[in-house]
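**Student:** Turn these sequences into a full structure, and let the hints guide you.
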Amino acid sequence: MSASAVAADALPPTSRGVLVLGRMFVHPLFDYLLIGGGLSLAFTAVVAAGLVRLDVLGVALPLLLLVCNMAHFAASTVRLYAKPGAFQAHRFLTMALPLATLAVLALATVFPAWLGAHLVALYFTWSPYHYAAQAYGLAVMYCYRSGCALTDREKTMLRLVCLLPFVVAFFNSTGAGLQWFVTPAAIVSHPAWSVTITGVRIVTSTLTFLMPALFLLSLARKGKAMPAVSLLIVVANGVWWVVLTYMDAFLWATVFHAVQYLAVVVIFHVKERRARPGDTTSWWVHALGFYGASLVLGYALFQVLPLGLRAAGFGWAQTVILVIATINVHHFIVDAYIWRLRRDPNYQVVVSPA
Amino acid sequence: MPVNALRPLSSGMAAIIDASGRPPYHRCRLAPLSWLYRALFLLGICAFLGLLVAGGARAVTEGRPPLVAYDLYERGNELERRGDLAGAAREFRAAAAVAPTELHAFDSLARVLGASGDPDGALAAHRAALVHHPLSAAAHRDLGLALVARRGWDEAHAQLTAAVRLNPRDVVALAALGDVRRERRDIAGAIDAYGRALTLKPADAALHNKLGIAYALAGQPDAARARFEEAVRLDPTSVMASENLRRLTPATP
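Residue numbers (my numbering), protein chains in the order written: chain E, 1 to 354; chain S, 1001 to 1253.
In short, the hints are calculated from the structure, not lab data. The beta-carbon is built from N, C-alpha and C at its ideal position, and this holds for glycine as well. Do not take every clue at face value.
Over 12 Å on every C-beta distance to chain E, these chain S residues come out as not near it, computed from the model [said to hold, decoys possible]:
hint	residue
1	N1167
2	V1171
3	R1182
4	R1184
5	D1204
If you anchor each label on the Cβ, the simulated ranges turn out as follows [to be verified]:
hint	chain 1	residue 1	chain 2	residue 2	range
6	S	L1052	E	H190	29 to 35 Å
7	E	H118	S	A1057	38 to 44 Å
8	S	I1045	E	L39	34 to 40 Å
9	S	H1104	E	A48	23 to 29 Å
10	E	H118	S	A1124	17 to 23 Å
11	S	D1186	E	G50	38 to 44 Å
12	E	T280	S	R1082	43 to 49 Å
13	S	L1043	E	S282	35 to 41 Å
14	S	A1223	E	S189	39 to 45 Å
15	E	V46	S	A1158	40 to 46 Å
16	E	R153	S	P1065	52 to 58 Å
**Tutor:** Take a look at the structure:
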């Protein structure tokens, strides 16, 4: 999810100090643990300590991936089509992109080395950027909601701070990021490159944790108090990509990101539906309906679609990998449009009461 | 403003203003385009639903459980089991192409190509794995073993040395390194490699036998005999160790 800039002077600062609790969407516990990523930090500590091993998760892992990851990827599509006026506002996105996506998937499956490999590398490279953009969007959203008005310059600074984990991942990725353009063998054969990359990784990893604190202090000096949940969101994304190994980060960051995303998207959906004139349906009916639709679509996309391509005569391995990559890229594109705040109904949800 | 009256926009494009006073909707220019969009949308939905139906039918005919973890090599392994090595190679080759991060795809491809009588192809697969996994001890070891089979001793030595440097606890690589050094007449180096392998796997009769041969070649019959005896003790069925022990024992006059 990436939120575009919102009007900086919409709400005046409400408090002084370094950090404030902020104005929550649901409840501080819910917002801090799920959207803020507090729960993920505790889990990251457990994973980093080696207490969670994939092989012992057994059937729980596919189930976890279904209810979190797959549902989250589908949720952006459900959100797109459930959003009022989406067909008018996003004609290409709603009507042409599905076919274009399937066409790209088919082409990539037919030409795995020529196109498929690049699609997968794009997906691996884009993912950490997408997470960084979501962290930025949510952080700004909470700032705005909590009356911490950010100037354009401050928003640019915050965006750069949020992008640091992406830079770490770019230089730390296996088969993506830098390795999309330069083979690992070439990097290893040039010791100077390896040293430089390691140096960049260490510096950006350090900055990932240092810069949010400096940004916070710079706001405090101007008399602005950032909601702690915004800081938590930014730091949590940094922890995922810096503390965990790349593949662990790739797996678990997707889960944490999905939980965060599902919580926010359901809130937006429920608030929009409840704001419609004459709507008397309970919030949980809207929430359950939205999540149920996302779960079913996620199941269809990730579990059934690869089998359909296999039935069409394509190989299994590249089908599975390319379906995952294609759905991810589709999700990234859709998200870039559906979470805009400026001149969008999303704005009303952001400023609405809890 | 009359309903549906045409009013020029600043861009010069004609727009229709309807009675609701909504923002100008460029119906004149976009009307044909919206039909195109609708057609694309319908086509996309049909293609998607078609794939889902085909996928659902496939799941039913294969008796797949409703929720599965992805096994990328499921199909390739199945084809290999059925003896369709060309089909399995296609599967593994495609997997390696789209996901070069998967070392297992290269390994499987090399194995299948080797089994189907294409040692050059197998070697190429091992070399490709190394391009993407230059710091993988297993990738160096597997290429080294493939080169041993092709008697490319010098390159095999380089690869196995790299494998052992990256993973000093790889017994297979150490044993193969000992073999290569023995072939290159570096007996002291071979004794060192076998000795290191034995510290990691002291109950391996074959390793004791290899070390015994190296000692014998180095002119140390007592040390060799001790290794052969240990090999026979660990594996009484070891014909090679027994034969080596017999050869080493001086014939009684």
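**Student:** Could you run down the list of hints and mark each one as holding or not?
**Tutor:** Structure-based check of each hint:
1. With a least CB separation of 16 Å from chain E, N1167/S remains clear of the 12 Å interface cut-off, as annotated.
2. The Cβ of V1171/S sits about 22 Å from the closest Cβ of chain E, beyond the 12 Å cut-off, so the non-interface label holds.
3. Distance check on R1182/S: its Cβ is at least 29 Å (rounded) from any Cβ of chain E, clearing the 12 Å threshold; non-interface status holds.
4. Look at R1184/S: its CB is around 25 Å from the nearest CB on chain E, clear of 12 Å, so calling it non-interface holds up.
5. Chain E leaves D1204/S outside its interface by the beta-carbon criterion, the shortest separation being 26 Å against a cut-off of 12 Å.
6. Our hint of 29 to 35 Å for L1052/S and H190/E is violated, since their Cβ atoms are close to 48 Å apart.
7. In this structure the supplied range 38 to 44 Å is violated for H118/E paired with A1057/S, their Cβ-Cβ distance being about 31 Å.
8. At roughly 37 Å, the beta carbons of I1045/S and L39/E sit within the given window of 34 to 40 Å.
9. Between H1104/S and A48/E the beta carbons are some 25 Å apart, a value that agrees with the proposed interval 23 to 29 Å.
10. For H118/E and A1124/S, the hinted distance range of 17 to 23 Å is satisfied, since their beta carbons lie about 22 Å from each other.
11. For the pair D1186/S and G50/E, the beta carbons lie near 40 Å from each other, so the given range of 38 to 44 Å is met.
12. Between T280/E and R1082/S the Cβ separation comes to about 60 Å, which falls outside the hinted range of 43 to 49 Å.
13. For the pair L1043/S and S282/E, the beta carbons lie near 38 Å from each other, so the given range of 35 to 41 Å is met.
14. One distance hint, 39 to 45 Å for the beta-carbon pair A1223/S and S189/E, holds here, with the actual separation near 41 Å.
15. At roughly 41 Å, the beta-carbon separation of V46/E and A1158/S lies within the given 40 to 46 Å, and the hint holds.
16. As the Cβ distance of R153/E to P1065/S is approximately 54 Å, the hint placing it in 52 to 58 Å holds.
In the structure shown, a violation is registered for the earlier hints numbered 6, 7, 12, in ascending order.
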